[in-house]
Each structure stands twice: as structure tokens, then as C-alpha cells.
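The sequence shown begins at 1 in the numbering used here and counts up by one.
Calculated from the structure, these hints are not laboratory results.
Errors might be hidden in some of the hints.
Derived DSSO-like pairs (lysine-lysine); straight-line CA-CA distance at most 30 Å [unchecked claim]:
#1 26 with 44
#2 33 with 23
#3 38 with 23
#4 38 with 26
#5 41 with 26
#6 23 with 41
#7 44 with 33
#8 44 with 23
#9 23 with 35
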Amino acid sequence: MKPEFSEVEDYNLGTEEQPQYVKLSKTLCSAEKAKYAKLFKELKDVLEIFRSEDV
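Starting from the given sequences, assemble the full structure and let the hints guide the process.
Structure, rendered in C-alpha cells:
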């Protein structure tokens with residue numbers, strides 16, 4: 001099942017000057033969002049391989 005766009009929100013893993021957005025479910029609590037943010041930051045180099053422009 002694919003989430004509808006209204007059910008996700010942009011979450012900036014980068015900075016204001018160099019934003020790097022991922023989509024996170026709006027239904028996640030703040031603790032879950034923090035866990036995902038930490039994981040994505042740890043895997044940032046790997047995830048950059050799969051940028052949306054390249055896919």
C-alpha cells in the first residue's frame with residue numbers, strides 16, 4: 001500500500017542553506033521521527049546514491 005501525499009510531510013535532514021528532504025508519515029510520533037532522522041543521517045552517504053534526480 002502506498003501512502004497518499006497528504007499523509008506524508010517533508011523532513012529536512014540538511015541545513016537551511018542546503019536542505020535535504022525526506023518524506024515521513026504524518027502519523028509518526030515525534031520520538032519515531034527522531035529515530036528515523038538519526039538513521040537517515042547515519043546512512044546519508046548511502047542514501048545520496050539514490051537521489052530522486054537519478055532515479
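Against the structure, the hints come out as follows:
1. 26 with 44: Distance ~22 Å between residue 26 and residue 44 Cα, so the pair holds.
2. 33 with 23: 11 Å, holds
3. 38 with 23: It holds: about 14 Å lies between the C-alpha atoms, which stays within 30 Å.
4. 38 with 26: 17 Å, holds
5. 41 with 26: Given that 30 Å is the threshold and the Cα spacing comes to 19 Å, the pair holds.
6. 23 with 41: 14 Å, holds
7. 44 with 33: 16 Å, holds
8. 44 with 23: 14 Å, holds
9. 23 with 35: 14 Å, holds
Against the hints set out earlier in the document, no violation occurs for any number.
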